[in-house]
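Engineer: This is what each chain is made of:
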Amino acid sequence: MGLVDSGKMPKSLTKLLNISRKYSLWVYQWGLACCALEMGAAFGSPRYDVMRLGVIPFPASPRQADLVVISGTVTDKMVPAILRLYEQMPDPKYVISMGSCANCGGPYWDSYSVTKGIDQVIPVDVYVPGCPPRPEALLEGIVLLQEMIHNEDPAERWKGDPIVVGGGEIS
Amino acid sequence: MTTDHITAELDINDNEQLRYIAAQAVDARVNVELETEGMTLNIGPQHPATHGTLRIVAKLDGEQVIKAEPIMGYMHRGYEKLTEVRTYPQVTTLVNRIDWVGSFANEVPFILAAEDLMEVEAPPRAQWIRTALFEMGRIANIMLFLGDMAVQLGGVTAVFYAFRDREFVLNQIESVTGGRFHPNFNRIGGIKDDLPAGWIAETKSVMQKVRDFCDEMEDLVVGNEIFQLRCRGVGVIPAEVGKAYGLSGANLRASGVDWDLRRDGDSRLAWKDLDWKVWTHPDGDSFARYWVRLQETREATYMVEQILDGLPTGPIMAKVPRIIKVPAGESYVQTENPLGVMGYYVISKGELTPFRVKIRTASFSNMSIAPWLLEGVYVPDIATILASLYFILGDIDR
Ligand code: SF4
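Protein sequences appear in the order of chains B and R.
Residue 1 is where the first sequence starts when you use this note's numbering, and the numbers rise one by one after that.
Residue 172 is where the second sequence starts when you use this note's numbering, and the numbers rise one by one after that.
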């Protein structure tokens with residue numbers, strides 16, 4: 001990957017690499033609370049069927065995953081575990097923060113035990129707002145992430161802005 | 172002659188003794204070679220068998236669990252403190268996220284407690300619609316369990332059926348309340364809206380679908396030999412022990428205790444007017460717990476149909492002031508929620524917000540039996556037992 005990192009990869013090869021990366025996203029499901037069920041519905045139920053998007057929702061461990069979906073309430077007690085598993089993921093890795101809780105604390109914005117936003121701890125690529133977001137919203141988040149990967153210059157990773165589903169501000 | 176006889180007998184005894192000692196020595200040697208050191212197995216906080224973020228630290232001897240300790244608090248969101256700074260109508264937004272799978276059922280006891288304090292009573296139609304949605308919340312909740320427990324034991328198929336058919340129930344809840352999960356639909360003195368047109372007929376057909384799903388599970392899971400082998404006799408809770416640990420709901424009914432607050436409590440909801448049956452099972456093992464929940468789901472569909480047939484007409488809101496100030500006092504209301512008994516102890520000092528709310532959740536007590544139950548079982552049975560106890564993490568940690 002030395003070529004990729006240094007940005008010396010030919011454009012066409014980068015495109016090819018990106019297309020293959022975006023359609024083979026192994027996603028680690030970090031289900032924490034109510035939102036985990038909507039994530040389960042999006043990933044596990046026949047109605048939403050995420051695999052048609054080229055997303056494989058069943059890696060055995062974070063070490064095999066490209067993408068982690070943090071869905072639900074992150075508490076201060078949970079954060080070290082999230083950080084540890086995030087660090088085990090191989091680069092390039094992506095994070096989707098699903099639900100108001102993971103985005104900003106949600107209904108527990110004034111609670112003493114809830115972390116107000118997972119983005120204080122790990123970098124987030126896509127925010128999916130809602131409490132809970134519908135499974136369709138999560139699917140759109142994944143499609144937007146795939147678009148981002150498609151146009152990404154691997155060397156430039158992390159210089160862009162995060163995406164917000166729906167275009168509005170985070171609820 | 173006699174002495175000969177005695178020596179012969181002695182010989183036999185000596186030989187036996189020698190053989191016995193030799194055998195002991197061999198055993199001892201084998202044991203030394205195979206001796207296992209105690210091992211600590213950490214399950215969770217993020218593990219599919221724990222329904223979210225329960226962490227279990229198990230001390231193992233070989234395949235056997237010597238001691239298992241659940242570590243909670245990974246999902247503690249501080250409900251009891253937060254309710255002190257939310258006004259009464261805002262509290263329902265919070266509390267329906269406690270047991271997030273059967274959300275509607277979480278609001279009801281709190282609203283009933285607040286109504287007690289304000290001395291208002293919701294009109295009959297509102298109570299009946301509440302009961303219908305309560306039972307539909309139960310159906311949506313337990314359907315997930317029915318699929319999920321099979322997954323824990325390695326039968327992945329069932330969960331896809333559960334997710335497929337659960338969507339229909341959620342659709343119906345959504346078309347009344349506007350939310351798939353968190354309806355926030357109860358108001359002090361009634362409910363927010365009346366039923367939409369055509370909803371009753373649709374719901375009846377969905378209830379039929381749910382019953383078909385139950386039949387499917389009966390074939391696919393209950394009738395499955397592997398499932399039975401892994402569940403029967405695993406995690407047996409005798410009725411007395413269950414009561415001592417404060418179990419409630421299907422966990423206790425699966426141990427043969429015929430106790431259901433919907434029938435035995437003094438609830439204002441419509442259960443008393445319906446014709447239904449409390450299911451129990453004498454065995455108290457994991458299989459019984461699955462079986463009882465399956466029957467309860469089917470029973471609930473009949474209850475919903477009866478409610479829809481007998482729905483009284485009239486208003487859906489009692490007269491309540493626009494700004495809700497609850498008079499000073501205390502009140503405790505508990506109901507039979509999908510996971511067991513849930514109660515709210517509300518203390519009011521006559522202000523906009525409650526002074527103190529104590530929440531009794533079913534899963535917390537149901538979980539407290541886990542160390543007792545997991546002692547001495549084999550590692551694969553941990554998944555069976557935890558799945559069959561059926562807890563929701565938000566309901567444990569609050
Ligand atoms: S955002 Fe809402 S639905 Fe999601 S975990 Fe938080 S409270 Fe639950």
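Fair warning: there could be bad hints in the mix.
[Said to hold, decoys possible] No more than 30 Å apart at the CA atoms, straight line, and that leaves these computed lysine-lysine pairs for DSBU-like: (1) K116(B) / K252(R); (2) K252(R) / K496(R); (3) K116(B) / K529(R); (4) K375(R) / K77(B); (5) K116(B) / K77(B); (6) K77(B) / K443(R); (7) K77(B) / K363(R); (8) K375(R) / K363(R); (9) K529(R) / K443(R); (10) K77(B) / K496(R).
[Claimed, not checked] Sample of chain R residues facing chain B (criterion: CB under 8 Å; computed from the structure): (11) I237; (12) K238; (13) T328; (14) F334; (15) L391; (16) N395; (17) P542; (18) W543.
Hint data in this document are derived by calculation from the structure and do not stem from the laboratory.
Glycine included, each C-beta is placed from N, C-alpha and C at the ideal position.
Engineer: Is K77(B) close enough to K363(R), meaning Cα to Cα at most 30 Å?
Structural biologist: Given pair K77(B), K363(R) is violated - Cα atoms ~37 Å apart, limit 30 Å.
Engineer: For the hint on T328(R), just tell me whether its beta-carbon gets within less than 8 Å of chain B.
Structural biologist: violated (11 Å)
Engineer: Sort out whether K77(B) lies within 30 Å of K116(B), counting only the CA atoms.
Structural biologist: Satisfied, since the Cα-Cα distance of roughly 13 Å is no more than 30 Å.
Engineer: Within a Cα-Cα threshold of 30 Å, do K529(R) and K443(R) meet the stated pairing?
Structural biologist: holds (27 Å)
Engineer: Does K443(R) sit within 30 Å of K77(B), going by the straight-line distance between their CA atoms?
Structural biologist: violated (44 Å)
Engineer: Keeping to a limit of 30 Å between CA atoms, is the pair of K116(B) and K252(R) held or broken?
Structural biologist: This hinted pair holds, its Cα atoms lying about 17 Å apart.
Engineer: Tell me if W543(R) is really an interface residue toward chain B, meaning its C-beta lies closer than 8 Å to one of theirs.
Structural biologist: violated (25 Å)
Engineer: Let's test the interface hint: is any C-beta of chain B closer than 8 Å to that of I237(R)?
Structural biologist: violated (25 Å)
Engineer: Using the nearest Cβ pair, does L391(R) come within less than 8 Å of chain B?
Structural biologist: With a minimum Cβ separation of about 16 Å from chain B (threshold 8 Å), the hint on L391(R) is violated.
Engineer: Mind checking the alpha carbons of K252(R) and K496(R) for me, to see if they're no more than 30 Å apart?
Structural biologist: holds (19 Å)
Engineer: Once the shortest beta carbon distance from P542(R) to chain B is found, is it less than 8 Å?
Structural biologist: violated (20 Å)
Engineer: Can K238(R) be said to touch chain B, with a Cβ gap under 8 Å?
Structural biologist: violated (22 Å)
In the structure shown, a violation is registered for the earlier hints numbered 4, 6, 7, 10, 11, 12, 13, 15, 16, 17, 18, in ascending order.
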